[in-house]
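**Student:** Take a look at the letters that make up each chain.
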Amino acid sequence: MSLSSEITPREVHQLASPRVASPSRLIEVARLYERLAVRVENEWETVPPDVRELLTAFAYNTVRRRSVWEKLRSNWHQLKLAYTLLRGQEEIHIVSEYVESRRHLVDAILLAIEEEDESYQERLTAVVERAASKQEDAKL
Amino acid sequence: MSDPGKFHVEREDTDFRTELNSFKKKYFGRKRKPLRAFDTLLEGIFDSLETNPRNTQPSVRGTRARPEKWPKGSYQEHLGFWKLMFQVPGQAGDAGQGRLMYQINFRSNSVLPLMIYTHKDHTKRPPDDEIKRVLERHSD
Chain A
1 MSLSSEITPR
11 EVHQLASPRV
21 ASPSRLIEVA
31 RLYERLAVRV
41 ENEWETVPPD
51 VRELLTAFAY
61 NTVRRRSVWE
71 KLRSNWHQLK
81 LAYTLLRGQE
91 EIHIVSEYVE
101 SRRHLVDAIL
111 LAIEEEDESY
121 QERLTAVVER
131 AASKQEDAKL
Chain B
1001 MSDPGKFHVE
1011 REDTDFRTEL
1021 NSFKKKYFGR
1031 KRKPLRAFDT
1041 LLEGIFDSLE
1051 TNPRNTQPSV
1061 RGTRARPEKW
1071 PKGSYQEHLG
1081 FWKLMFQVPG
1091 QAGDAGQGRL
1101 MYQINFRSNS
1111 VLPLMIYTHK
1121 DHTKRPPDDE
1131 IKRVLERHSD
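The listed protein sequences derive, respectively, from chains A and B. Under my numbering, residues 1 to 140 are what the first sequence spells out, in order. Under my numbering, residues 1001 to 1140 are what the second sequence spells out, in order.
No lab work stands behind these hints: they were computed from the structure. Nothing here was measured: the structure is a model prediction, and the numbers come from that model. For glycine and all other residues, C-beta sits at the position ideal for the given N, C-alpha and C. Where hints are given, some of them may not hold.
[Said to hold, decoys possible] Residues of chain B placed beyond 10 Å of chain A at every Cβ, according to the derived structure:
hint, residue
1, 1082
2, 1117
3, 1124
[To be verified] In silico lysine to aspartate or glutamate, EDC-like type, Cα no more than 20 Å apart, as pairs:
hint, chain 1, residue 1, chain 2, residue 2
4, B, 1072, A, 50
5, A, 134, B, 1039
6, B, 1083, A, 116
7, B, 1124, A, 129
Sequences and hints are given; from them, build the entire structure.
**Tutor:** Here you go:
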């Protein structure tokens, strides 16, 4: 199944800022993040341009530098989320799964972007060749 | 006596030291506090590579590793090629997304660090206005 048949740009947008802080919704979102991360790692070049553009915006929006006001607003949202979820002690693993899966997806997108960069490919080839010649020298 | 199950990390490899010095110069300059935090983080990463260089689970330090595809024509059966993601101390945004690439030699049980960089070094990041516009376009 391709990524495009699994998710639409609108769904990606909703995933970027989920407002419903129920444990079941968070589990659902976390699992979708994980599935998306695996697809991005394996099939980035086949992702439709509109979905790719939105995933890129989502990743950069997540890691961008924030102003003090944005940080406060974001922290307030996270506090509300944590309060809703942590009323029951058992839900702590859900928060952790959600945070980890979101991180995994953002990493997967940023790494896919890096790997498209020509200077990255050139540098990579150079270091791998250097390591291989070192290995040859060690054999002599 | 050294533990036979342990991997030897080639921390003093000359080429990697050169890479590391330019990385430190670029991202820390004379900022001593984040530089110290980075040195501690890197030592912790090397310690964990000694025990298990193929750990894909997120670590307590917030790092995560994954296997990488070899550049064309450089695959060798007894070698593994991995990338570890970490947060660069004192940096935010693209410059905060650090990566360490390393090679695992299963014959000699050794790990050779190859390359260290951040996402900022290899990105074609769209301007922030463009990111905002893309996210807003799909929010209707």
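**Student:** For each hint, tell me whether it holds in the structure or not.
**Tutor:** Against the structure, the hints come out as follows:
1. 1082: About 12 Å separates residue 1082 (chain B) from the closest Cβ of chain A, which puts it past 10 Å; holds.
2. 1117: Nearest chain A Cβ is 8 Å from residue 1117 (chain B), so the label is violated.
3. 1124: 7 Å, violated
4. B:1072 / A:50: Between residue 1072 (chain B) and residue 50 (chain A) the Cα gap is close to 29 Å, so the pair fails against 20 Å, i.e. violated.
5. A:134 / B:1039: 26 Å, violated
6. B:1083 / A:116: 16 Å, holds
7. B:1124 / A:129: 26 Å, violated
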